[in-house]
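Whole structure, please, built from the sequences with the hints as guidance.
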Amino acid sequence: MRTSTTIARPPTPVAIRMRRLVSLALVHAVLIGGAVFMLLPFVFMLTSAIKPPGEIFEATFRLWPRQFYGWQNFESALSTAPLLRFLLNGLIVCGGILVVQLLVAIPCAYALAKLRFPGRPILFSLVLLGLCIPVQAPSLPLYIAFAELGILNTYLSMMMPFFLSVFAIFLFRQFFKSYPDEIIQAARLDGVGEFEIVWRIVVPSAWPAIAAFSIFSVVAHWNDLYWPLIVVSDTKLATPPLGMMYFADSELGSNYGALAAGATIITAPLVIAFLIARRRFIAGITMTGIK
Amino acid sequence: MTTATAQITPLDAAPPASRQRWIERFAGLGFAAPAFILLVLTNLAPLAALAFLSFTNYELGALDFSFVGLKNFSAALQDSVVRRSVTNTLLYVAIVVPGGVLISLLVAILIHQRKRTRSLYEVIYFLPVTSTLIAMATMWQFLLHPTLGLINQALKGLGFAETAFLSDPRLVIPTLAAIGIWQLVGFNMVLFLAGLSAIPRDLYEAVDIDGASHPIDRFLKVTWPMLGPTTMFVTVTTFITAFKIFDTVAVMTRGGPGGASEVLLYAIYLEGFQYFHMSYAATLTLVFLAFTLVFSVLQTFILDRRVHY
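The listed protein sequences correspond, in order, to chains A and B. Throughout the first sequence, residue numbering follows this note's numbering, covering 271 to 561 in sequence. Throughout the second sequence, residue numbering follows this note's numbering, covering 20 to 328 in sequence.
All the given hints hold, so there is nothing to weed out.
Per label pair, the in silico range of CB-to-CB distance: (1) B/A113 <-> A/R458: 51 to 57 Å; (2) B/A94 <-> A/V369: 42 to 48 Å; (3) B/F71 <-> A/R550: 41 to 47 Å; (4) A/W469 <-> B/F71: 36 to 42 Å; (5) B/L174 <-> A/V541: 26 to 32 Å.
From the derived model, a few chain A residues whose C-beta atoms are all more than 10 Å from chain B: (6) I286; (7) V292; (8) L333; (9) W334; (10) Q337; (11) F344; (12) T350; (13) R355; (14) L426; (15) P450; (16) D451; (17) I453.
Under 10 Å between C-beta atoms, here's a sample of chain A residues computed to sit facing chain B: (18) L301; (19) F312; (20) L382; (21) P388; (22) P404; (23) V405; (24) F432; (25) F433; (26) F437; (27) L459; (28) F465; (29) L540; (30) F544.
The hints are simulated quantities; they were obtained by calculation from the structure and are not laboratory data. Predicted model only: the values in this text are computed from it and were never measured. The beta carbon of each residue, even a glycine, is placed where N, CA and C say it ideally should be.
And the structure:
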């Protein structure tokens with residue numbers, strides 16, 4: 271109906287502008303409404319972290335407390351739970367996983383993309399099969415094996431199941447496949463060994479894929495709760511999410527200000543990294559497209 | 020060295036082609052070996068062990084076990100906890116998949132047309148993806164507190180009754196689903212934004228010339244069909260993510276109230292790693308695998324065709 275009126279009588283410039291303005295206001299209203307929902311726990315966390323206990327659940331919400339209580343909250347959070355230790359553990363576990371993942375996956379991906387060797391089709395089928403298996407599926411037998419080996423409650427047990435990333439192999443193989451064969455052939459004629467071809471010639475050109483995968487891997491393992499919860503019972507070894515869970519369960523769980531301060535400390539590293547390297551994060555997600 | 024020999028006696032030396040083939044075989048096997056060994060150790064052998072365990076009555080620490088055939092499977096079929104977990108998981112998925120896909124599609128379309136404010140909205144909607152869900156779940160728990168929580172105070176201010184989001188058996192799964200959507204909208208939005216920028220502009224111009232300049236016409240005639248592959252991929256990924264719900268249940272409800280938020284992965288965690296009923300947990304893991312397998316295969320299939328540079 272509206273289209274017919276438009277055809278019959280062209281609207282005045284003012285009407286067009288009015289309509290555009292209204293639709294723009296509508297779009298922003300929807301987006302801002304959504305943004306409030308997205309930011310709600312963050313705003314609550316940050317404001318609670320600087321409020322005294324009495325102000326956190328006050329009926330009228332205020333962004334800035336009447337009494338600044340930030341020092342006390344962060345101090346009691348840091349003194350009752352080894353939060354910085356949790357962050358360090360997260361760094362060790364994520365770093366260890368990522369380094370081994372890259373060292374294992376890159377040569378394998380190169381072999382699958384560029385070398386003819388017996389068993390290559392079978393290996394690639396196994397990689398595709400591996401892509402279909404959620405990480406939680408092998409956890410039960412791995413737990414039994416680690417318990418038998420007596421390596422529960424170690425960094426190794428937290429990292430080991432993730433040393434092989436079939437997704438990394440898959441992603442890098444796609445990337446390496448488009449690398450020009452002529453350059454590899456020329457390097458071979460110059461007497462460059464395959465090992466050097468991978469690490470000195472092909473890898474530097476695959477930087478975007480490696481960055482994308484690294485972001486994906488660190489975000490996934492920094493935030494993973496399932497596996498650390500299973501293999502770790504020693505508080506000292508807890509990763510950030512596990513540490514947060516202990517923290518919330520402890521007596522301090524009722525000290526909401528300190529808990530919010532703790533949550534801020536746990537959440538900060540990745541969020542800050544994201545704010546700094548926003549474009550890389552988003553490009554990484556677009557390229558990998560998988561969690 | 021070999022090249023030097025080749026120059027002196029070209030007929031005796033191995034031709035470079037076959038030498039190259041030999042190097043490739045050797046290097047290929049060497050490069051693939053660590054990955055293959057780890058693949059067997061951390062993936063294939065555990066899967067075989069899982070299948071094996073499900074036919075036994077093994078429990079952690081037991082010295083001895085025996086084969087029980089399909090007893091674990093029939094026990095799982097009759098187990099009310101398992102039934103409830105499957106139903107709850109499916110209900111959660113049924114809310115998160117359409118919600119998480121459609122909301123992120125809407126957000127992506129609205130953000131895509133913005134120029135100055137685009138990156139600001141992008142950051143805000145993406146923030147939950149990078150934040151540690153456990154920490155944020157604790158904050159949601161405060162916000163949803165039946166009497167003190169900010170959300171209930173707002174509802175009260177608007178004249179609604181106090182709502183016990185996490186302790187009302189009918190509301191707990193929808194509430195967890197809302198948090199699940201909150202967590203993944205940004206991720207899906209980024210995928211949709213990439214899909215939107217891949218749509219050629221002249222398609223919209225062609226539709227404009229046809230007289231269908233209304234936004235809804237443009238959406239139905241161009242955006243929706245052109246986004247088909249992205250939507251498919253996002254839906255499949257969202258399904259898999261939703262099916263693996265664990266964190267929020269473990270932190271916020273622990274399956275309660277009265278089992279109203281028991282989900283499959285949480286049931287497996289309890290059976291296997293709290294009660295150490297390994298064989299039964301293995302059976303439940305196979306059930307979990309069966310549910311996700313169709314979607315994982317679909318995801319792998321799409322990935323195989325989609326990733327290109």
